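Q: This is what each chain is made of:
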Amino acid sequence: MTQTVVDPFTFEIIRHKLFRVTEEAAIALENASGTSITAEGHDLMVSLYRADGSLMVGGAGFIQHITSASQAVKHVLAKFSGDLNEDDVYLFNDPYSGALHAPDVYLIAPIFWDGRIGGFVAGFVHVSDIGGIDPGGFCPRARSCFEEGFATQGLKFVERGKLRDDVFQTILNVVRDPGIVALDLKSLMAAIHVAKERMLALYSRYGLETVDEVSTALVAQSEARFRQRLSELPDGVWRSRTYYEQEEVLRIELAAIKAGDTLTFDFTGTDHQVHNGVNCSYWATWGSLFATLFVLVVPDLVWNDGIVAPVRLIAPEGSLVNARRPAPVSLATIAMVQSVRNLSLSVISKMLGASNDYVARATATWAPTNMTYHLTGTSKDGASVTEHGTDVYAGCGGALSTKDGLDLGGQIHALSSRWANAERHETGFPYRYLYRRLVIDSGGPGKYRGGLCHEYAVIPHGGSGPVTAVLMPGRGMEAPLSQGLFGGYPGCNTACIVFRDGNVADTPHDLASTRSDCPEHMGMGITELDGNDILYIRHEGAAGYGDPLDRDPDLVVNDIALGLVSKEAAREVYGVVVAEGVEDPAGTQAERLRIRQQRLGGRLPEGRREGDARTRYRIGEYLQLDESGLTVECVWCGHALCGADDRWKDYAVERISPPSVGGPFRVKEGRFHLLEFFCPGCATVLDVDVAYGDDGPLYDTIHSWNELTEDQ
Amino acid sequence: VSYVVAVDIGGTFTDCVVVDEAGTMTVAKAFSTPPDFSEGVVNALRAQEAGTGLVLAELLERTTLFLHATSIAENAIVDGTLTPAGLLVTRGFEDALRMMRGGYGRWSGLTEEAKKDVLQGEKPVPLIPSSMIVGIAERTDSAGRVLAPAEDEEIERAVRQLVEGGAESIGVCFLWSFRNGENEQRVRKVVRKLYPNIFFTMSSELSPVEGEYERTSTVALNVRLGPVIERYLGRLRGRLAEHGYTGPMLVMQAHGGLLSVDAAPARSVGMIESGPVSGLVGSAAIGELIDLPKILATDMGGTTFKAGVVRDGRIDVERETNVLRYHYSLQKMEIVSIGLAGGSIISLEQGLPKIGPRSAGALPGPVCYGFGGTEPTVTDVDLLLGYLDSRFFLGGRAELNVDAALDAFRRTISDPLGMEPIEAAAAVQRLANSMIYDLLHKQTIEKGLDPTEYAMLSYGGTAGMHMTSIAPELGISRIIIPHSASVHGAFGLVSADIVHSEVTTRVLPLPSDPPEINAIFDELVARVLESVEAQNRRRDEVVIERLLGIRYQRQVHAITVPVSGREPLVLEDLREIASRFEALYTERYGPEAGYREAGMELVSFGVRGVVPLERPHLRKEALGPVSPESAYVETKRAYFGDSMTDARCYDFERLRPGNRIEGPAIVWSPITTLVVNPGQQVRCDEYMNMIVF
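Going down the list, the protein sequences come from chains C and Z.
Numbered by the numbering used here, the letters in the first sequence go through residues 1 to 712 in order.
Numbered by the numbering used here, the letters in the second sequence go through residues 713 to 1405 in order.
Worth flagging that the hints you see were computed from the coordinates, not collected in a lab.
Just so you know, these numbers come straight off a predicted model, no measurement behind them.
Hints are not guaranteed to be accurate.
Below, simulated EDC-like cross-link-like pairs (lysine to aspartate or glutamate); rule was C-alpha separation at most 16 Å, straight line [as the list claims (entries may be wrong)]:
id: 1; chain 1: C; residue 1: LYS403; chain 2: C; residue 2: GLU197
id: 2; chain 1: C; residue 1: LYS567; chain 2: C; residue 2: GLU583
id: 3; chain 1: C; residue 1: LYS403; chain 2: Z; residue 2: GLU865
id: 4; chain 1: Z; residue 1: LYS1066; chain 2: Z; residue 2: GLU942
id: 5; chain 1: Z; residue 1: LYS1154; chain 2: C; residue 2: GLU197
id: 6; chain 1: Z; residue 1: LYS905; chain 2: Z; residue 2: GLU868
id: 7; chain 1: C; residue 1: LYS162; chain 2: C; residue 2: ASP87
id: 8; chain 1: Z; residue 1: LYS827; chain 2: C; residue 2: GLU86
id: 9; chain 1: Z; residue 1: LYS1066; chain 2: C; residue 2: ASP83
id: 10; chain 1: C; residue 1: LYS380; chain 2: Z; residue 2: ASP853
id: 11; chain 1: Z; residue 1: LYS901; chain 2: Z; residue 2: ASP853
id: 12; chain 1: C; residue 1: LYS156; chain 2: C; residue 2: ASP261
id: 13; chain 1: Z; residue 1: LYS1066; chain 2: C; residue 2: GLU12
id: 14; chain 1: Z; residue 1: LYS1066; chain 2: C; residue 2: ASP646
id: 15; chain 1: Z; residue 1: LYS1348; chain 2: Z; residue 2: ASP1358
id: 16; chain 1: Z; residue 1: LYS901; chain 2: Z; residue 2: GLU954
Sample of chain Z residues at the chain C side, in silico, Cβ under 7 Å [as the list claims (entries may be wrong)]:
id: 17; residue: ASP829
id: 18; residue: SER842
id: 19; residue: GLY923
id: 20; residue: ASP1162
id: 21; residue: GLU1165
id: 22; residue: HIS1269
id: 23; residue: ARG1308
Between beta-carbon pairs, the in silico distance windows are [stated by the list, open to error]:
id: 24; chain 1: C; residue 1: VAL582; chain 2: Z; residue 2: GLU834; range: 54 to 64 Å
id: 25; chain 1: Z; residue 1: LEU1220; chain 2: C; residue 2: ALA360; range: 31 to 41 Å
id: 26; chain 1: Z; residue 1: SER843; chain 2: C; residue 2: PRO585; range: 15 to 25 Å
id: 27; chain 1: Z; residue 1: THR1164; chain 2: C; residue 2: ASP87; range: 17 to 27 Å
Note that beta-carbon positions come from the ideal geometry of N, C-alpha and C, so glycine has one too.
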């Protein structure tokens, strides 16, 4: 128990209340908001910070903003020192000193008690426009941050309780849709108001000193428990790599180095920053790392500076993940921030998956592309209206070591996101949905299957004139971006197609029934949609865990019954033979043997080893060191691959396959491949790496395994 | 003499209240009898004989109205004993149910803390499997224009397919049907022609509000629940008929009003949690009786703590209504609950005390019951603190074992914490109280309500030992333990009215042309009157209430503002409504949060038709002497403030109206134990409510 003079009961009460403050403020923000992304998508965040700007309690919403807002508070503190007054509110959105990109606006308010600052509340929303070259805040055409709109390192937005009209009007003057941006900012004011009221009530009830003492103790508690957890995990280096396809293919690499009770994230090897806004700034990378770390490793602890302390980041300056000003960064949240999230999830999961105690917290990649759109159009009565898509929030869950990923299970960093109903979107914008449905076979195959994604199509409807669409797809169309864990395969590829003058009259209801003479495959950019132009988007499936041939056939049969997996994929990918809804066990056995044999190039595989042979030297689902700690062996068949110090991938059977080996909606041939590594004994797939061109395997190293220490 | 009879079926007990013409109330209780609950009803009706002196047949012969609340709806959902059903939806949207708006399905209904553990999130199994959902190539747009009519032939094929696939009921939910129900009506025609007797629900009738996911889910829940409710109510009516009652029967709805038994199955979803809501309605009635317009109602029994707010006779409705994380968009009065009550288990997690949510339930129960419980519960702590007494507890039906409770508490809690048992028990009590406090805080202060303006009404067996300590923390200075506390749900039934509501969604600027607004209201009023007449009530009995959902233009969510003003409304009334909306907004979100420049708009229109029913005229008794001495039992040591203190203890049954007791004191009744803290007083009013102040 944490040493403190506050009794444990008061401690619990205050801990509880601090979190509740952020929750209540987030609800106020949602209620007061004017956009589907905030009110329905919950693309928002409210957190509490201590008097020095360090994180007190990370709250609800989009959690990659939690540490970024801490930077923002520190900036405001430094800039306005001596001029910070009671009931002031500050506005901050500069991506090079804290924010993720310019449209992510933070409002920050000091909370005064007895004439001194007790702490800060900071909230964020993605405003509907920030005055960049392209509408909506995402600017595909920008070539520097000067074309990405208004950015400030701190403005006094409210002075001693009074909104500064000069500042407010200036902001509204530089944005495209001032009405909705005004509502965005006003809704943040509602959240700030609610959080402050609750905090003042807390100070009044328990005294600032007591609340401070509890938050100090909470930071110490989180740090102690996080360090303890780290020290129980193996020491080693785990690597991951991902790509970003545009004209050139970008490569982003990450190694997680865990030593004792510290964790270092090293992006050395990542490509240089590029000409368009897919780059991200240092603090955006920092925030994105924590989004996955919080959820995977410490969901039960208070998210505060105690979690931040043991972590170090190496991000080469001028690289994609630490862009130098004035490089454009407005696409970061749907580009590099997402890549960082995918990579950190992958390396952390491999680390967790190398521990018998923590493997349950390892996960294959969740929804990996964050693909969305922004529309501008004209309503019937001539008003200009804008709309952000919310389909992206549907997401999909990666598979875990004991269960399938959740179909449309959301995104890992968005604690409470959801899409807006079609009827909600159709109320706010002159268009309509043709369909919105699950994509069969989209989940990454594995012993546990990745969650399915969905596809949808919209057309302009009920407005006047064409609709301008800022489209932000462009990655995941060719490269599989979800990374399977320990033999799991990636989910399907994405697609963004405009069916010019499509067959709207036929009421198309899925991709197969959607047609036009000239379908256009879209990349990142801007296009116009006319009345019968159908905009079709397919998201990406989440990745699987373990070898699909290791999947319980009953689960496959159930997936077929529910329309989640096709009979063809069941047979080809899972080796499960089903006739008229019933499994043919003999057929399955034969099919699985055939596939294993094929993996070994025709050689007969070894059978499954009897009994539970798990040692404490776990490498992954199928690999471990034997009891002696000297040999890498296959858990499934007992085959000894190599010595403990050898790189096991060099001793596995390697096959290079197209992504389509995982099922339909995956690229059949192109620049990206899957590197499959099979056990030379039983042909179990041990790992699947995604590689571009001649890129080779990723090698992880484990130095030592640690014991679970007694929880104090 | 004629009677109104009310029966409320709960998990453990079936409660009965009988009110005669003079307003005299008789109460009775029997054990509930799952799975055929109608037997428990008959037993409870038999039990009232002790009060009225009438045997069952005599009572029912003279009964003019039978009122009913039941937990059968939520039970069927929890137990999964629902009807196989089929669903027709707009083609292309067949997956709406199982997609659950993406991530929403993972986190909705979880606490904020549970939402943080994203990996552990699960979606509930869809109410209707995809094999029983068929898409129809139809479409209506947001303006209500039919773009593609639903064709009879396609509907017929779909309905046959579903019935042949095992559906025993059929539902339909098409996009934008709440703007134009034409295509859904075509489905109804076909279904009625093919299967005249099958249970059928259409979304444009049950829940005509925006949001296809929630509307579909509402229909799905209703078609799965409907036949269950239909059968149950049929059985109950049959059972009552056997005993001679064939008169009118009204069933409680979670919106707080009564609905005729004939109309109830079509609106089965409305019965979910209607029992606890009935208790809330009873609280409002007591508030009216003893002139307390603002009430915080709290119910603390064995497994859950429930709370609701009554404001000037009104009860708030719930946000994102769901049951077991299945959403539905019918109005339900807001009841919040946490798994913290007498049976909640106390444990240590990483050295910190935790209470609940695990409950020892009735079996094995608290350690002190001696039914085999080994983990200490809140009731054990209450016993250790000296509040409980075997002679009075549950009417003397359970012998309380202090030593066993002390042993268990020492072993699992106080010794590991290195604390004295009493000190630790008092700390547990404080923690339990603070958790309840947080919940109540959320329901009051965090909603902009000032609890100091409220009285707390408290019922359920465990409430009396906790609420007298929690209420002052919230600044509440009056706590009422109603005389009806033991059968409060049934009491709520005899306090309720017949209610019928209609809502519609239409976006109009505020202020705008009054005739257009009046026309919308007129249409809703006409629909309300029609359905009230269908329940054999006259139009002139109905009191009409109008409600408007208002927001700043382009906002997503609205605030509901009751309409007062002329009928029909004139421009001035609309201006007044607008300024009331702004005042409400500022109160909630602060002075700089409103965006007046955007203008305001109306989004939803609601009409509530209320047919007031006769209330029991609870008889006032003359106030007697102040001294409670005739009820004095003994002086006992119990925990008050921060130490063990001598407290005077009283027997509730022997207290008289007018008696006053000063704290520290304990009052024992067969249904609850009331702890009166030092500095507090309790007074028995002329209705034998205990009022702590």
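Q: What are the numbers of the hints the structure violates, in ascending order?
A: 1, 3, 4, 8, 9, 11, 12, 14, 16, 20, 21, 23, 24 and 25
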